[in-house]
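Taken in sequence, the protein lines are chains B and F.
First residue of the first sequence: 1, per full-length UniProt numbering; consecutive thereafter.
First residue of the second sequence: 1, per full-length UniProt numbering; consecutive thereafter.
It should be emphasised that the hints constitute simulated quantities derived from the structure, not laboratory data.
Quantities reported herein were computed from a predicted structural model and do not represent experimental measurements.
One or more hints might be untrue.
Any copy will do: because identical chains look the same in the list, a pair fits if it lies in one copy or spans two.
Straight-line alpha carbon distances no greater than 30 Å define the calculated DSSO-like cross-link-like pairs of lysine-lysine that follow [said to hold, decoys possible]:
#1 Lys120 x Lys104
#2 Lys104 x Lys117
#3 Lys35 x Lys104
#4 Lys155 x Lys32
#5 Lys191 x Lys124
#6 Lys155 x Lys124
#7 Lys155 x Lys120
#8 Lys155 x Lys117
#9 Lys35 x Lys155
#10 Lys155 x Lys218
#11 Lys120 x Lys35
#12 Lys155 x Lys191
#13 Lys35 x Lys124
#14 Lys32 x Lys120
#15 Lys117 x Lys218
There are 2 protein chains.
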Amino acid sequence: MSAPTLLHYVLDPYSRLIRLMCAEYGFDVELKDVKPWRREEEFLAINPAAETPVLQAEGKLAIVGISAVMMFIEENTETGLPLLPRNVVERAETRRLLDWALFKFSDDVSRYILEEKFVKNDMKGQTPDTNVLRVARLNRAEHLGYFDYLLSARKWLAGEDLTLADFALAAQISSLDYLSEMPWDDFPEVKEWYQRLKSRPAFRTLLTDRVLGMPASKTYADLDF
Amino acid sequence: MSAPTLLHYVLDPYSRLIRLMCAEYGFDVELKDVKPWRREEEFLAINPAAETPVLQAEGKLAIVGISAVMMFIEENTETGLPLLPRNVVERAETRRLLDWALFKFSDDVSRYILEEKFVKNDMKGQTPDTNVLRVARLNRAEHLGYFDYLLSARKWLAGEDLTLADFALAAQISSLDYLSEMPWDDFPEVKEWYQRLKSRPAFRTLLTDRVLGMPASKTYADLDF
């Protein structure tokens, strides 16, 4: 049986979370690049929400959307080190911070920055709206401030163990970092935490990503940024 | 041991999903009304994201945020009829539509309508922005059109069985309906589906909800609207 295909685009934070999970768990996937913002019929037929990630297995089975794909991999991988803790308290804390990274941080910060600096670059003739970027950066300071505070008292985001919440936030941050949108020096705890994550083998595939005509920031692939 | 407390507000679609689950599963909770948009210190100390629902059990345990509370109840209730299907395909479809109801429909439609018509009513001196309402209603037509299409070929949202996705969308819709913001006649499949849901015993507690100084729409508590 061939490996399932992950429909993604390089800077998509959601797909990056899935790629990190797959690398950490040794879950084999093939990557196929799509551009959901172009709303092409072929992709809309697979996901009317026009969003990545989508995991296509053999036959007609398609697992659609971030929660479905994330939990499909979590539930179909045998590992001694689950990224979703078994303990009730740690499990709830992981889910709280997962929601924050996936939906709150994304909706207040990264969605806007990606739209203005990455998607509009693909849609010819569109230029970034500096007002939108300004608001997204103000929001970014609020969010990163909170994570910096959390990480000053914890080893990992949800507690003593690495969880899905770490990968979900790191995935968001890695896309911003690519676009030179991470003010590292203002958030030393976040920086130290991200350096630790970045040195994990699972992170390697992300660090070789390149967007045509849009070079990565200097810090992006540097382990000692 | 006394029942855990659910911090909620009456028209919050997320808390309504939790209340539907609790009623369906016979999971006993006490309700405590909060107003997260006022950003009071006591509530921010419990949830810095300033969002409901929060489930407080005995001792210091607080389960925070929609995913954490939803899955805590799902995983800590013994029932022969799980709202999250066990079959891989139905499970993924349920999660796809759960994300849609919880995050996409909410972010494009109900969050705006609730902010303009309900939250601003609590914040003295603020009036609804008709431009925001106009955009939210246009989005609403897109979303309801898709659900109408799905329900024309399915008994329930994710397939042949009632799932969390039905409750999640019904919870969103019930808040809009309270505010006279459901154009029922334009979406006959959604209407028929909602009528079936509304006649379930689990729905009863929602239908007696009242907001002080803001009467419910005529259709809200009527089973044959």
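Consistency of the hints with the structure:
1. Lys120 x Lys104: Classified as both: same-chain Cα gap 22 Å, cross-chain 22 Å, threshold 30 Å.
2. Lys104 x Lys117: both (20 Å within a copy, 22 Å between copies)
3. Lys35 x Lys104: both (23 Å within a copy, 19 Å between copies)
4. Lys155 x Lys32: Neither. Shortest intra-copy (34 Å) and inter-copy (34 Å) distances fail the 30 Å Cα cut-off.
5. Lys191 x Lys124: The answer is neither: 34 Å in one copy and 42 Å across copies each exceed 30 Å.
6. Lys155 x Lys124: neither (43 Å within a copy, 43 Å between copies)
7. Lys155 x Lys120: For Lys155 and Lys120, neither the intra-copy (37 Å) nor the inter-copy (40 Å) Cα distance is at most 30 Å.
8. Lys155 x Lys117: neither (32 Å within a copy, 43 Å between copies)
9. Lys35 x Lys155: neither (36 Å within a copy, 33 Å between copies)
10. Lys155 x Lys218: Within one copy, since 26 Å is at most 30 Å while 53 Å is not.
11. Lys120 x Lys35: within (12 Å within a copy, 38 Å between copies)
12. Lys155 x Lys191: within (13 Å within a copy, 50 Å between copies)
13. Lys35 x Lys124: Result: close within a single copy only, 14 Å intra versus 44 Å inter.
14. Lys32 x Lys120: Cα proximity of Lys32 and Lys120: one copy only (21 Å, versus 45 Å across).
15. Lys117 x Lys218: within (17 Å within a copy, 47 Å between copies)
When the structure is compared with the earlier hints, violations turn up for hints 4, 5, 6, 7, 8, 9 and for no others.
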